[in-house]
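As given, the protein sequences belong to chains H and X, one line each in that order. Every letter in the first sequence is one number past the one before it in our numbering, and letter 118, counting from 1, is 500. Every letter in the second sequence is one number past the one before it in our numbering, and letter 74, counting from 1, is 456.
Just so you know, the hints here were simulated from the structure itself, not pulled from any lab data. There could be a bad hint or two in this list.
Said to hold, decoys possible - Per label pair, the in silico range of CB-to-CB distance: (1) X:Arg-427 with H:Arg-661: 41 to 49 Å; (2) X:Arg-791 with H:Thr-566: 29 to 37 Å; (3) H:Glu-542 with X:Gly-698: 44 to 52 Å.
Said to hold, decoys possible - Counterexamples of contact, computed for chain H against chain X with all Cβ distances above 10 Å: (4) Leu-429; (5) Leu-539; (6) Asp-588; (7) Glu-671; (8) Ala-718; (9) Arg-719; (10) Ala-759; (11) Glu-775; (12) Glu-805.
Claimed, not checked - Here are a few chain X residues that sit away from chain H, every Cβ distance over 10 Å (derived from the structure): (13) Val-394; (14) Gly-440; (15) Gly-447; (16) Gly-456; (17) Asp-463; (18) Thr-483; (19) His-533; (20) Asp-534; (21) Arg-667; (22) Val-714; (23) Thr-715; (24) Val-724; (25) Ala-759; (26) Lys-795; (27) Pro-800.
Ideal Cβ positions, reconstructed from N, Cα and C, are used throughout, including at glycine.
There are 2 protein chains.
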Amino acid sequence: MIRLNAFDMACVGHIQHGMWTHPRDQSTHYHRLDHWLDLARLLERGLFDGLFLADVLGIYDVLGGSADAAIRNGVQVPLLDPMLVVPGMAAVTTHLGFGVTANLSYEAPYLFARRMSTLDHLTNGRIGWNIVTGYLDSAARAMGLDRQQQHDDRYDLADEYMEVVTRLWRESWDDTAVRADRATGIYADPAQVRRIHHNGPQYRLDAHHLVAPSPQRVPVLYQAGASARGIRFAAQHAECVFLNGGPPDAVRAQITALREAAAPRRIMAFVGATPVMGRTEAEARDKLEDYRRHASVEGALAHAAASLGIDFEPFGMDEPITAQSNAIQSNVTAMARASGGVLTKRGLIDQFILGSRQKPITGSVDQVAETLISFAAATGADGFNLSRTVAPECWREAVEWLVPALQERGAYKTAYAPGTYREKLFS
Amino acid sequence: MIRLNAFDMACVGHIQHGMWTHPRDQSTHYHRLDHWLDLARLLERGLFDGLFLADVLGIYDVLGGSADAAIRNGVQVPLLDPMLVVPGMAAVTTHLGFGVTANLSYEAPYLFARRMSTLDHLTNGRIGWNIVTGYLDSAARAMGLDRQQQHDDRYDLADEYMEVVTRLWRESWDDTAVRADRATGIYADPAQVRRIHHNGPQYRLDAHHLVAPSPQRVPVLYQAGASARGIRFAAQHAECVFLNGGPPDAVRAQITALREAAAPRRIMAFVGATPVMGRTEAEARDKLEDYRRHASVEGALAHAAASLGIDFEPFGMDEPITAQSNAIQSNVTAMARASGGVLTKRGLIDQFILGSRQKPITGSVDQVAETLISFAAATGADGFNLSRTVAPECWREAVEWLVPALQERGAYKTAYAPGTYREKLFS
């Protein structure tokens, strides 16, 4: 059974930059609550497992040393807080899960634990957390620091953070602590509620968790790190991982490595995918061409430069791009590999514009359904994170065309499983 | 025209402790989203100006040096994050304002500014912020500190915080920065978006605000400080103040002092009130007696001890309570005054159990309406923050009985004014 998440972000341009200029696109409504309510209702109609919301703190100011290109093209800025987008959608759905990206580096564990527990209560157990540590110096400067911590140090901090928040979620309130006994007037039994003490190199805390046990206690934990240290972190903490995609062999190797590292703990793999569908293959190709005419080269470069930590403004289109000291090495390696070994500006533009980074799966609905099924079989992937092209039509087509085609092939559920997000995912 | 806010909190026991044991009370549903959706719909039906959500970080562990009494009686613990309760309610209402309490001491200005801007977008300009700096050492320990900052230092920090967040809200994006021009592909004009630099004694920041201008840009600013320093802060920053109530003369003096300090800036005053109504006066008195039978003395003491910063467990019922060094002086003074000059445990219990702290206004609907009207006239108050007794009946009676009675007397609007929360309040 293939699982589907919609992969979106509370901004104009998420991954496929420039699509907002398409006459049918409504991404500029990202700041309106009804935009999200409509999306949530639609995804639940399509039995999507979850809506996965990306987030980034800071701004993409690596290209040319300025944020101008990102601002001009709406590249992940302006950007709302994704946590606050969830409760409205929870109000109009019953089963859809919500995977929220949150950067732990700048959030006190005590307050963050309360936020997640609150969301788990309000969604009735439908919350997930995509654990990120950030990668932008612009975020550090926004927090009063000169620069961010080094890559591996961020993961050490994240390990300690996970220990603190997990203890707040799991150990502070016993399952039977809340009695709500009107006759005796005892709301909760103090003997079953305790302070968590933590005194580590990065965090200190001595406190009761503010929230009584929520349906899941711990949100479903997502992670997307691709470095060796990131994979080690995922193997230790994550229940689901998100992979950017690529050739089946490479994805299969990544998934296998993760599963081996996590064993015997089960880990679920979602792979990024961008379907561009038509009722016929020709219609799909025309649609891709139409979409690509709206793509923004400048937006793609602004995003790519920040993702790689390399200002490649000085490089010619086909000049090999040499990594700089503060480059994000796992992304550089992945993108060079996807470009045939050598990283060039032309190759990056190609990857970022409806290209190989989230390679569009272009074809008739039946072709796309079969491609996803065979990709999952070949790689061991559990499902896909579908990214946004021209919205809302990309979501409508996924729900109205792709899901029935997968169902016809026995590869997609016909009803939600009962229970929490975690129970649904792992049922 | 009298303005009404519902004063509530995402917990079992807010101010009137023990009411959750009443057979008709549903406060134990505080963690369910539909509980809040129902409340928001009801309040909007009653043309309430706002729902004002209290919050506190930390736990009430002053009484007997332990949190046991607070936990046992559900005294503001467990407690959800009030910000996350808002977007669901925004999805089912159009006009109701939301005043959210948030403690600035432990939130990075950069992240907090994004949260408030997000809420202002999602509510379409209906967000307010009750600015607090916290008063519990238990919150400081939860944040890895040994104790909180001193009272006046917290206000100095708050002044600087307000400067930073206000600059993010007002100065980072020009009104015309967002162009969303599909023809040219320009989403926003970089020349109209700028980094905010701040380098102060408490905060450093060098960042673009992440969110484009929201309908109000700055949330409606509420404040409730009663100390001299608190009043100075309110006079400088607040648009609305919240007063606990008390004899009309004292309230009038407070409001006058605030208005003089804030002049020529207009400042709006909401006074706490707890109506207990019946169709007749006798029915109201019976209802008050019924409610009081469910009141929790232990819960009231746990709350009072934390509010005053005094552990009065060692004191006899009628023994004068002497203030301790870390007492919250403005509260001690106010409560001693309300007890006739001398603070005793018996006096505190009386104040905290449907007593003079939020003195119940008990009577027939007409009597209560007239009391509110004459109180507002005598004090210059602009409206009332109605606190919760047995819910939801207290809210239903306010909407179905009190509002029509005020309307009959020409003292309450018959429709919402157009515009944002601020525009509605100050129209």
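Do the hints match the structure? See the list:
1. X:Arg-427 with H:Arg-661: 41 to 49 Å: Once the Cβ atoms are compared, 47 Å apart, the range 41 to 49 Å for H:Arg-661 and X:Arg-427 holds.
2. X:Arg-791 with H:Thr-566: 29 to 37 Å: violated (44 Å)
3. H:Glu-542 with X:Gly-698: 44 to 52 Å: holds (48 Å)
4. Leu-429: holds (21 Å)
5. Leu-539: Fine: 14 Å to the nearest Cβ keeps H:Leu-539 off the interface.
6. Asp-588: violated (4 Å)
7. Glu-671: holds (18 Å)
8. Ala-718: holds (29 Å)
9. Arg-719: holds (31 Å)
10. Ala-759: holds (39 Å)
11. Glu-775: About 16 Å separates H:Glu-775 from the closest Cβ of chain X, which puts it past 10 Å; holds.
12. Glu-805: About 19 Å separates H:Glu-805 from the closest Cβ of chain X, which puts it past 10 Å; holds.
13. Val-394: With a cut-off of 10 Å, X:Val-394 comes too close to chain H, as the shortest Cβ separation is near 6 Å.
14. Gly-440: At roughly 8 Å from the nearest Cβ of chain H, X:Gly-440 sits no farther out than 10 Å, so the non-interface label is violated.
15. Gly-447: holds (13 Å)
16. Gly-456: Given a closest Cβ separation of 3 Å, the condition is violated.
17. Asp-463: violated (4 Å)
18. Thr-483: holds (14 Å)
19. His-533: holds (22 Å)
20. Asp-534: Label holds. Min Cβ-Cβ 23 Å, cutoff 10 Å.
21. Arg-667: holds (23 Å)
22. Val-714: Its Cβ never comes within 10 Å of chain H, the nearest being 26 Å, so this holds.
23. Thr-715: Non-interface label on X:Thr-715 holds, nearest chain H Cβ at 29 Å vs cutoff 10 Å.
24. Val-724: X:Val-724 is indeed farther than 10 Å from all Cβ atoms of chain H, at 29 Å.
25. Ala-759: X:Ala-759 clear of chain H: closest Cβ-Cβ about 39 Å, beyond 10 Å.
26. Lys-795: holds (25 Å)
27. Pro-800: holds (18 Å)
Consistency note: the structure conflicts with the earlier hints numbered 2, 6, 13, 14, 16, 17.
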